[in-house]
Amino acid sequence: MRTFTTRRFPAVLALSLAALPGGATAGAFPYPVEQDTLKNGLRIVFVPMETPGLAAYYTAVRTGSRNEVEPGHTGFAHFFEHMMFRGTKANPSFDGKMADFGWHNNAYTSDDQTVYTDFGPSARLLDVIALEADRFRNLSYPEAAFRTEALAVLGEYNKSAAAPWLKLEETLVGTAFTRHTYRHTTLGFLEDIRSMPGKYAYSKKFHQRFYRPDNCIVIVAGHFDAPAVRAAIEAHYGRWTGRADQPQIPIEPPQTEERRAAVAWPSPTLPRVLFGYKVPAASDHRTAAALEVIDAYLFGETGTLHKALVLEQQVAEPFQSWSQPRRDPGLWAVLGTAKAPEHLPTIERALDEAIVALKATGIDAPTLGRIQSNRRARLILSLEDPEEVASTLAWRISVTGDVDAIDRFMAALDALTPEAVAEVARTVLVPAGRTIVTLQHAPAAEAGPAPKGPSK
Amino acid sequence: MTRRAAVFACTFFGAVLAGCGAAPVGPGGPSVPSVPSAPASVSVDPVSSPAPAPAPVSVSHLTLPPGRSPAVAIRLAFRSGFADDPPGAAGLTALTAQLIAEGGTVDRPPAALKETLFPWAARIEVFVDADMTVFTTRVHRDDAAALVPVLAEVLTRPRWAPEEFERMRRDAVDEIEKHLRTSDDETLGKEALAHLVFAGHPYGRYVGGAVADLKAMTLSQVRAHASRVFGRARLTIGVSGGWPPGLPEALSAALEALPAGDPVAALLAGGGLAGVRMLIVDKKAPAVALSLGAPVDFDRAHPDFPALMVGVSAFGEHRQFHGRLMQRLREERGLNYGDYAYPEFFRQDGWSTFARLNIPRRRQLFSIWLRPVQAADAVFALRLALHEYDALLRDGLTQEEVTRAARFLEGYTRLFEKDADRRLGLAIDDAFYGTPERLAKLRAALPGLTAETVNAALRKHLPAAEALRIAVVTDDAAAFRAAVLSNAASVKAYASEKPASLLEEDARAARRPFGLAPDEVRIVPVGALF
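Quick note, the sequences are listed as chains A and B, same order. Start counting the first sequence at 1; every next residue gets the next number (my numbering). Start counting the second sequence at 1; every next residue gets the next number (my numbering).
Don't read these hints as lab results, they were simulated from the structure. Computed from a prediction, not measured in an experiment: that's the story for all the values here. Check before you lean on any hint, since a few could be wrong.
Covered by chain A, according to a simulated footprint, are these stretches of chain B (three or more residues, beta-carbon under 8 Å) [as the list claims (entries may be wrong)]:
no., region
1, 171-177
2, 408-422
Below, simulated BS3-like cross-link-like pairs (lysine-lysine); rule was C-alpha separation at most 25 Å, straight line [unchecked claim]:
no., chain 1, residue 1, chain 2, residue 2
3, B, Lys-284, A, Lys-199
4, A, Lys-359, A, Lys-278
5, A, Lys-204, B, Lys-498
6, A, Lys-359, A, Lys-307
A virtual CB, placed ideally from N, CA and C, is assigned to each residue, including glycine.
Build out the structure end to end from the sequences listed, making use of the hints.
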């Protein structure tokens, strides 16, 4: 559920991408995938598609806010993403060049990755490759530009601060994690954002440490001349050198009891309760697939809690959930929005009872089958154009490091049985592994942790 | 790849399309890839209803040639929108549309409807704007034939359940009271601008309605409204993607059960808060949101529109960086997250940067949007934007800026057509405006545009700076009002070194007079809106 933070996307993009289907059974990914690795470690993934005249060119850097281990430097991966648009000696205006090519470009940063997204007419793809390689290898900006861009990042924080979501997310991760870098959002702590203008030298070091070929994956999807593109990538990236730093990410100690926090929100808003369960890393496809099924089974538009609380009792708005796993053990989160404060306990009680029932009796086979069918259809429908394909692959590969992650995930999903789903629920969805954050309108109150205690 | 398609008759939304002719298309046509490099040709063939008495009503069809896409996209576009909300019932069209789309059918309660659609990963969604409401769905081609009767059932046999009506009405009230007024200052600023420019006119309403009106609304009102605005008289059935043989015909037949409905009503002229040029919305806010705009007398069918599109792109293309506003305010000064301008009414399509489709309007709005600025810089940022606008109209764009914007649009507009659903939406909009294959024609025109042509179009059609109305969302409305009325020079300091030329430009912008009289600047508490 962690927020994407981007140079130009709204931070809540997370909601849409997190809802992407997981992948397909072996071979379920509907396009051929070719992969290669340059001698310097840069990985290349090609997905030819019949989309005449259009191609997407994505570069995933396997560095995100997870890598922000130094105190005082939270939010730096995202800030650095902004700096990547500040040009080079050869191409002082990256954006101007892309506009000249008629290409749309953007980027986003999340916990585990930073992804640079280009989409446009195939006819200028080779020019885009040269331009992208130049900025990854030769990025150059003066300190004045660095300081100015830091203000745009603060503007991004301000843009997001009017809605309760950012505060909720900050409180959830700050309560659930005590050591791991997932304890701060991708935007970073506000005090760190405010101090960014003074960290020019650190930014240079950041580029040297993480923007290295062995930490990047280039994904090309759509209509393109594969040999020519392969040759262009070799020509422009081949002499890029260095090895990425691998910082020691603090290991989060096991959570042993439920944690709670409460946020007082100064403006009128619907009361919310955000649940976060500690879950295994994305490499555990079986658990991830089972959690996606549970997500749909409980919270989806046909989910049991949706029917009970949204449609029948009408005490809640539709749930929002984030079941996409992370590179390291992370959070599986669901947000309940109550129609009135007195309904917050109703939502929590209903969730508890539903999970108890799930652990005891599992999920019925026909419902499991419908969910599996839904995810297969959703996969196909979500991969119609080059941008969708590159975007989905960039996310999955950068989290797992595995080009076949989508196929493996869908294979795991299709192999699930009712008992397997129940077993994952019994293992993962335990009170000792969860954090609960509530948010309610309280004009004069301040945010702060609530007493820890059982959920009832 | 362009293919010609059938055009049996050319009436669509009462407009006449040019280029009628060619041959019908159907399944099994030429096997070509599904993303054309030029706009798909369109068949527009109004299908006569089988003479339901007393007066036959034509439904329009808009069927794009079947492609290889595994997805089938369907758009049911009604020329109905919140402009149809009766006085005292703001939000009626949106609530009615939502109740149809999600409230279940006579035979399927809402949960059962979702259960039916779920294995196909299909959703029936509805989007409402001033002059158009579109019901959309996408489904895998293997499931498309099964979806058709369900979709038709949703439209023709709504359940009209009182409990769903109450739930959605309460959601609509909450959306205004506990979201729009409190937690989304960017949207609030834009809606405040619409209110300022169009108050008293249907376009001055918020699509979601008004709290008092929603609370007084009844289910019988909703049902009566549906029979008027969601009938065959206003419907276009759009189909695109990899549709199987017979699907358009089956859908058309299934929708015959819709009521005839009322024809489109004429649109009022006028509107706007009389004598008010700046509206300051007073609310608790972490930063200051700013939207500027004025009605214009052109739309995309105007021969000058390509030049205007290029000119406004060079001034401030939505969420791109080549525009002057973005360069001056964000890139050079770090004032905020983004600064853009729009030659026509704009809503973003989901999380993309593209314009949402099927929000055509009969009157258009030119606007400028400055994303939230820190309070200390807000008056200066507004002045700088106006200073840039002055320069745009006075001095124009350079040939280099025009060339860059034209090149950008030549590529970028191809992305608007990236999938079957978007191509269908574009074709529906082209039919509304009477601009068939608009994007292809735009791209053909781009290389010939010069700075002279573009600047002449900007000067001729864009509102003068003093005609722009300004909406502000801030938590210190009195201070903002005092600052603009005093005309005292703004003070802007930087934490980093700036070139002398930039500081000189700042000095000029900081003294730009607002030229506002006290009674032209109104403060309104947020609770008084909507």
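These are the hints, each one checked on the structure:
no. : hint                  : result
1   : 171-177               : holds (count 3)
2   : 408-422               : holds (count 10)
3   : B:Lys-284 / A:Lys-199 : 32 Å, violated
4   : A:Lys-359 / A:Lys-278 : 17 Å, holds
5   : A:Lys-204 / B:Lys-498 : 21 Å, holds
6   : A:Lys-359 / A:Lys-307 : 20 Å, holds
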